[in-house]
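Student: Listed below, chain by chain, are the residues.
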Amino acid sequence: MKTTLTRFATAAAVTAVIGMTTVGSAQAEDSGDPIIIPIHNWSSQIVMSNAVGQIFESLGRNVEYVTTDSQAVYESVRLGDVHLELEVWEGAFGKSFREALEKGGLHDAGDHDAVTREDWWYPMWTKESCPGLPSWEALNDCAELFATPETGDKGRYLDGPVDWLKHGKERAEALGLNFTVINAGSAAALWAEIGAAEKDKKPVLVFNWTPNFAEAVWPGEFVEFPEWEDGCDKDPAKGPNKDALYDCGNPAKGYLKKAAWDGMEDKWPQAYCVLTKISFTNPQIAEMAKLVDVDEQEPDEAAENWLADNEAVWKPWVEACAS
Amino acid sequence: MTAIATQLPARIDGLSNVRTATVLFCVAIALAFLKPVLPEWLVRLPDWMILPWAQWLQALFDFVREDLGLIYVTRTITAGLEFVLDATANIMYGKHRWPYLGPISWACVAGVSAILGYWLGGRRLALLAGGTWVWTAVIGQWDLAMQTMSVIVVAAPIAVAIGVGLGILAWRNRTIEKALRPVLAVLQTLPFFTYLLPAVIFFKVGPTAAAVATIIFAIPPMILMTTLGLKKVPPDVVEAGQMSGSTRWQMLRHVYLPAARTEILVGVNQVIMLCLAMVVLTAFIGMPGLGAKLLAMMGSFKLGRSFEIGVTIVLIAVMLDRLSKAWIVKQPVHFEKGTPWWQRHFFLLAGIAVFLLLALLAWIVPYFHEVGRRQDLSMGREIDDVIKWVLDVDWIQATTEWLRWFLNTKVLIPFRDSMLWLPTPSVIVLFAAVAYYVGGLRSALVIAAFFGIVALSGWWDRSMITLYTVISAVVLATLLGIPLAIFASRSEKWSGRILLACDTAQTFPSFIYLIPAIMLFGVNDVAVIFSILIFAMVPLTRYTIEGLRGVPVELTEAADMAGSTRKQKLWHVQLPLALPTMAVGFNQAIMFAFFMVIIAAFIGTQDLGQELQRTLAGNELGKNFVLGICVSVMALAFDHVIMRWVAGRKAALGLD
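Top to bottom, those sequences are chains W and A.
Be aware that the first sequence starts at 1, since it is given in the working numbering, and climbs by one per residue.
Be aware that the second sequence starts at 1001, since it is given in the working numbering, and climbs by one per residue.
Everything labelled a hint here was simulated from the structure, so no lab data went into it.
Don't take each hint at face value.
[Claimed, not checked] Heads up, simulated DSS-like pairs for lysine-lysine below, C-alpha to C-alpha not over 25 Å straight-line:
| no. | chain 1 | residue 1 | chain 2 | residue 2 |
| --- | --- | --- | --- | --- |
| 1 | W | Lys290 | A | Lys1388 |
| 2 | A | Lys1388 | W | Lys127 |
| 3 | W | Lys169 | W | Lys242 |
| 4 | A | Lys1232 | A | Lys1330 |
| 5 | W | Lys202 | A | Lys1388 |
Using the sequences and the hints given, assemble the complete structure.
Tutor: Written out as structure tokens, the structure is:
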């Protein structure tokens, strides 16, 4: 009884004093400026950003997140409006990254262990009707399997959005593939296409990448194109077709980088040091994506759980920068 | 062809308008038929005529940004804006910034909103206002909704303030009004992708850039409505003010603005709706909350959760719309002298009381402060299953398969190919002919100039694909929307229902139906047109219903007495009278279609939208702007012709 009374009394006091009533904690002001981490619209990047943010917070840093477009973000890192980027994919964002690098203001903060692969891909059920896969040479024999009303008797390959700069059209021409290349407008459009084909097990050929949540939902394989040689995109002599560029598959082991704003090192030396040490592997990234995409956790919660289960992974990064 | 046009006398009567238009039309047809023998440079502009606009604009942009130091000015504004946004963010969702008070409990917000709703419009509005927030909290989206609202509560008032200010200036000064009009027109038609990069560079990615983009997008109707309202103030009211010896400021403050209250509030309503329309798009440049979450959900193919977020956005939009409309209708209450203080401010006091009570409750029962992670009632997975089940139904699949085949191979692709086949001058002359028919020489020149810009930009083919998409979608929207509206306008009940559906379709984030559109039709033009169609049908249906219901009762009664059948009445009385209003709706439908066709780049198109998307990689601002202008001038060309037609038609009917 007494406690209830005191409760009420304090409650009344609190509401009276604060006027604008609020419940919850009002902590002391943190003097450090927040480190601003950009997040995009795919799960592994969101969870990874939250995990790294929480590592920074455990060091006493202030962290804020801001959602941005994944191409325009490099301009913002350069200007110091956001301070780092955790997933720079070689294939999709290499161009934006390199251009920002040339203009100055951001730099390469090291690679993850993870390697990325971005290429033509099909869900497993496709193989049943086109057993020659994954070799690219089988594609022409099965072209009509992938035909749609718009493409006539040519097969249809759904490439990634144009701003990912995938050169699917050039490759189809260089290798003499009997395919029309259509660009999807977003990752969501690719998933919708696979999702729609799933129930009837209709063969589809789409752009996909790894690590990615889709691997868990729709098992599938990449098409094996002639192996990437350095210069395949610049020197026609490379690759099987001596007169054309882009006659190879994408690098099967593309980099996954971190990028940092040039001012970060001076402003938050310790956090910067940790950033350069950070390196996730493919299974770790897949695990983070799975926590959100399959287990339906919220990203911050997923990051918390992941950090709790993997202290052995991230503690050494922090300890290396302890001084 | 301009040679033919300029030889004509300046004053032209209606008949020779028709004659000249016919001549122009024949020229266009002739140019098309002569294509095989036309010299190359008459089919498409030769390369040397296409100047490097993109590089020039890029250089200009760099100059303004760095050498003129515009970026320092905008960054100073950004700092001020950021302070305000941080404060609202703290209060609404507890961001660690001054004043360190937040977050407010959801129960408090819901309670106070309900009181506000009751004050403005009685029990139903109270239920809507309170209920929306309860839904948001219970479904587990409270924090997200507050993140979104923390930007909107700053952006909307700023847009209103700037809009009213510019509106007053435009009303006082004809020159400003004339200068403002084209700027507003371009701002309203410039595609969203063109705002994106400048907003990020000048105003810092995050809530600030999002707020600025929202403000720019929402201002135009506020300016227009303010000017309109002030112009309509009756002279006797003005004279009364002058007789009582008011100064100019007093006149404005106590005479003009109160007299224009209704129009200004309509403007406020429009601002709020446009702010909410931007919630998802601005997530690309840092808008936190519902939009960002929606994009993440779409990225991992979670349709159900996306759908729930869409419902929340619609509910918030409908609630704010109804509240602000109730505010428009509500006249200021005047109390008798001697009414006690508490009676005059009854609702204010009730609001404060409810707030304190619920704050106390929230403090005791944490559920009313914040709904925990595992306590929400989200049904994302179940909705996913329902959506997939619907898409799985055999006859739906068979229908969409057939539609995909039929529309693509029999209608859309041939239409697109013929647009691309036509020689450039033929298209320009054709549009000029239509303009000449409607608005005479001046209109024809304006339209020819607009399409001339497109030709000179070097993006003619892409622009034609955009145009083809817009035309196809609007034609389909007309075929579906007008009969629907005619049916709905026959009864009060159905009008209400269809209008509510229009509100919903307008505010439901278009991203959500992009995905089902793809699942139904695949990544191709049918999906693109389907998604534009939904959006373009809204204004068409709405204005047709309003036009038909606005036909004076005396006239329909006269028709009844003359013994006309329902069909005759519709065709000879109602439709002709409603036509000007319907045309305004048609115009809006085209504007919406131009807006949406660019968004449809997220499905996958081959038009200007796709090129705009490409410019995002590598930040090619110059090219981005050139493409944006192409979209803008094509939209403006339609706007010009239709609005000229409406003005002429209204004059002929003696309306207005």
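Student: Please go over all the hints and tell whether each is borne out by the structure.
Tutor: Quick rundown of the hints versus the structure:
1. The suggested pairing of W:Lys290 with A:Lys1388 holds, with an alpha-carbon distance near 21 Å, which does not exceed 25 Å.
2. A distance of roughly 24 Å separates the Cα atoms of A:Lys1388 and W:Lys127; the hinted pair therefore holds under the 25 Å criterion.
3. Restraint check for W:Lys169 and W:Lys242: satisfied, since their Cα atoms lie roughly 17 Å apart, inside the 25 Å limit.
4. For the proposed pair A:Lys1232 and A:Lys1330, the alpha carbon gap of about 20 Å is at most 25 Å, so the pair holds.
5. Restraint check for W:Lys202 and A:Lys1388: the C-alpha separation of about 16 Å stays at or below 25 Å, so the hint holds.
The structure shown violates none of the earlier numbered hints.
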